[in-house]
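Visitor: Residue-level listing of the chains:
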Amino acid sequence: MMSALLEVKSVSKRFRGLVAVDNVSVAVEEGAIFAVIGPNGAGKTTLFNMIAGEFMPSAGTISFKGGRIDGLAADQVCRRGIGRTFQIVKPFLGLTVEENVTVGALLRQRGVAEARNRAHEVLRRLDLYDKRFQRASGLTLPDRKRLEVARALATDPQLLLLDEVMAGLRPTETDRMVAILRELNRDRGMTILLIEHVMRAVMALASRILVLHHGAAIAEGAPTEVTRDRAVIDSYLGAEAI
Amino acid sequence: MMGRLTDGLPRRALVLLALLLALAVVAPFCVGDYWLTVLILILYFAYTGQAWNIMMGFAGQLSLGHALFVGLGAYTTATLFAYYGIPPWIGLIAAVAVTVACGAIIGFLAFRFRVAGVYFAILTIAFAEFARTGFDNWSFANGAAGLFLPVAQYTHNDLWQLRGHPAMFYYVLLAATVLVFVASRLILKSRLGFYCLAIREDEQAARASGVNTFRYKMYAVMISAGMTSFAGMFYAFFYNNLFPEQVFNISRSIEIILAPLVGGVGTLGGPIFGAFVLEGLAEGLHNLLDTFGIDIPGIKQVVFGAVLLLVVIALPEGLWPWIARRLGLAERR
Amino acid sequence: MPIDIYLNVAVGGILAGLVYGLMALGLSVIFGVVRVVNFAHGEMMAIAMYASLLAFSLFKIDPLLMILPCAVLLFGLGYCLQGVLINRFITRPEHSQFLLMVAIAIIITNIQLIAFGPDARSVQTPYAYDSYQFGRLIVDADKLYGAIAALVVAAMLFAFFRFTRLGTAIRACADNYTGAQVVGLDVKRLYALTFGLGCACVGAAGAILMLSADVTPQFGPVATLQAFIIVITGGMGSMVGALLGGVLIGLTAAMAGLLFTPSIKAMFVYGILVLVLLFRPQGIIGKKTS
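Residue numbers (my numbering), protein chains in the order written: chain X, 1 to 242; chain U, 1001 to 1333; chain C, 2001 to 2290.
Warning: the hint list may mix true and false statements.
What the hints assert, rightly or not - Under 10 angstroms between C-beta atoms, here's a sample of chain U residues computed to sit facing chain C:
(1) Phe1113
(2) Tyr1119
(3) Ile1254
(4) Val1265
(5) Glu1283
Said to hold, decoys possible - In silico DSBU-like pairs for lysine-lysine, Cα to Cα no more than 30 angstroms straight-line:
(6) U:Lys1189 to X:Lys90
(7) X:Lys65 to X:Lys131
(8) X:Lys90 to C:Lys2060
(9) X:Lys131 to U:Lys1189
(10) X:Lys90 to X:Lys65
(11) X:Lys131 to X:Lys90
What the hints assert, rightly or not - Restraint ranges, calculated between C-beta atoms of paired labels, are given here:
(12) X:Arg170 to C:Ala2159: 40 to 46 angstroms
(13) U:Gly1143 to C:Glu2094: 33 to 39 angstroms
(14) X:Glu121 to U:Ile1313: 39 to 45 angstroms
(15) X:Gly71 to C:Leu2166: 21 to 27 angstroms
It is worth saying that the hints were derived from the structure and are not from the lab. In this text, all values refer to a predicted model and were calculated from it rather than measured experimentally. C-beta: ideal position from N, C-alpha, C; glycine also.
The shape of chain X in the complex, shown without the other chains:
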């Protein structure tokens, strides 16, 4: 059996007595769009941070493309092929849009000129090419979110970790982002793991959903199963959520 692209096995994280993530296991297949949902404080971002290398799990292992990545630093994880965005966007404010993405592109490209070209490709895909000379500090929130995705994309990842990338977007912008992500997944085979609260986006994108509550996994499966799960409805969705 071919192993999944990302394998999280029995991962836990304790912060001095507070259990943020409790024995969570998940396997993300290549080419899938996998969503992690759950109420605030459920441990979703903590899980992401462990995968991305921000800190180590207290227990359990994380493997990517067959190799262990738990314990690696964030830049090493990126080099292995995982790109991530942050829940509260962190653009390089003093740099232009183009420069922001060039920083990401420099990871795989030989020199600045090549990196800049790659950045242009990515910017075109994310619909930011026209704004490439604008300072990041002057961008609106939706643009900043797309910039964040662009920068992560420029590092040529096989797995994209998106942390609440729809938050704060109006429905039209959400749809735009959904379209971009779908395209990435379909045309480039990009595997996507996303944390989301906006159920409209989750249902439109995800092939599989993991539900976290109080740090533990309470449901996992196809969207239709999960959204009908009693425990999920009680803890998070509410009967009329969708």
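Since the structure of chain X is already known, use the hints to place chains U and C on it.
Guide: Frame of chain X, contents of chains U and C only:
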């Protein structure tokens, strides 16, 4: 490379630069010794300011102990010359090695142990002070009594041994300053530059984008330190005497940061513009007071402090970006 | 060397350390609440010292009597500084605030240079050369009075923060800026008050220090550095830490001066600073801030 150097600069800026360079080259023939010394001071602060700028403006690490690198460069080249007759340019190689190593140690300790921001600044102060008190007590370097270089006559210019007329020193410093700015611009446009700027803006995001932040911060610190050692060599051979109390003093470190702060941290035009403004103000003030026959030691520093205060409050990005925009000299973004 | 000398030097170091501890206390309070790193701290102490000097040379007022006036003077200065200037910098990056204080430090130091000249000035009280004997221990009168005064001022400050409403309000601001605002506290005014109090400490310390030390314009920057070393060693934001740090540094410097040459003692102190910054930046007592 010429293309990379000038890429993005508006025509006006290039013309202005060429003009300034031409003026700078002919200056010693037009101005007297006094003004030559003023120009040397301006260039000295432009040079050290830009070297410091690489750590702060590019990588975001605030150093308040740069006098350490000046002092190390000065003492290394001076002792090698005074005791072993080694010419300063050869001594410079040793000086660069020493300062780069020192920078590497400070950087390693700081970044390994996550000493950042203001604490990092204090760490740099501590190292500089440590060196100051250390050299004060080090008999090899003649301690607090000071190290003196054999003073030569101005009859002929010896470039190799750096003995001669102030004009010779002026050209050496001018060449070095031009070089340091060219180097900085090349760095800015390179991978190193991009990564350092990213680190300055948001270190965590830089790491998430694949940047090995530890390595690049180290590079920035080491390059900055190495560049500064030349200033030390210049200081030693121009003034011909070194006292630890003066060379390593925290006032020197603060002087170094004034020009880039006032001019504009992180910009290339900032340090040199700042140096001109500050020294220009100082000279203007000096002359003004002279006409009234008043001499107030310390007034220059008060003015500097006031200018710094104004800049920090009102124009935190510095004077140069503001002026460059008004005059259409800013880089096309 | 006979044990007496060690003892006397050690005690002398501790007593002097208490006064420096008081100065550092002000810095710690300011940082703990307002989160500003006051790089002009030592320069402010120099202001108080010069004020005491003037009072003594013009009106023969004993520095100990100047403790209150200096504290009030510096309180006013600090309050205005925070209110008018620094409060605008709360949202600015850390570097900006720091450099603001650097600029102010430069201005103060050089105004002092212009006004008083570079030479060291001191105050000779009638009891300057007195000393007390406790068994084999000989203690200088001025150091003893100074230490006692420092402890009294420190105790008053502790009491203020612990037992008064205003003090509690200030501690609330320190713990949670937004929360304090939500509850209706006028945070900016409380910040100004705290900065004022921190400077008042420094004012008192300056007056006290005038008893036993000389003042030069260069003393400001040296004292600032000293205050940082003490506060970082003892713990930024911790009042007890500041006093403890002061005593520790005072003791170390005194003993190093005795056991090695006096000029080495500075190296020792900076060495300690480096070690603390690397291995225990939160200091002996402090809590790790994010």
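Visitor: Hint by hint, say whether it matches the structure.
Guide: How the hints compare with the structure:
Interface hint at U:Phe1113: satisfied, since its Cβ lies 4 angstroms from the closest Cβ of chain C, which is below the 10 angstroms cut-off. Restraint check, U:Tyr1119 versus chain C: the minimum CB separation of about 6 angstroms is within 10 angstroms; hint holds. Interface hint at U:Ile1254: satisfied, since its Cβ lies 7 angstroms from the closest Cβ of chain C, which is below the 10 angstroms cut-off. Against a cut-off of 10 angstroms between C-beta atoms, the interface hint on U:Val1265 holds, since the closest Cβ of chain C lies about 9 angstroms away.
For U:Glu1283, the interface hint is violated, the least distance from its beta-carbon to any beta-carbon of chain C being 17 angstroms, above 10 angstroms. Of the supplied pair hints, the one linking U:Lys1189 and X:Lys90 holds, its CA atoms being roughly 22 angstroms apart against a limit of 30 angstroms. For the suggested pair X:Lys65 and X:Lys131, the alpha carbons sit about 35 angstroms apart, so the restraint of at most 30 angstroms is broken. In summary, the hint linking X:Lys90 to C:Lys2060 is not supported, as the alpha carbons are separated by about 61 angstroms, beyond the 30 angstroms threshold.
Taking the CA atoms of X:Lys131 and U:Lys1189, the gap is about 20 angstroms. The hint holds against a cut of 30 angstroms. As the CA atoms of X:Lys90 and X:Lys65 are separated by approximately 27 angstroms, the hinted pair is consistent with the 30 angstroms bound. For the hint pairing X:Lys131 with X:Lys90, the CA-to-CA distance comes to about 18 angstroms; that is within 30 angstroms, so the pair holds. About 55 angstroms separates the C-beta atoms of X:Arg170 and C:Ala2159, a value inconsistent with the hinted range of 40 to 46 angstroms.
The supplied range of 33 to 39 angstroms is met by U:Gly1143 and C:Glu2094, whose beta-carbon atoms lie about 37 angstroms from each other. Hint check: X:Glu121 to U:Ile1313, Cβ distance near 43 angstroms, so the stated range 39 to 45 angstroms holds. A C-beta distance of roughly 49 angstroms is found between X:Gly71 and C:Leu2166, which places it outside the suggested range of 21 to 27 angstroms.
Hint compliance for this structure: hints 5, 7, 8, 12 and 15 are not met, and every other hint is.
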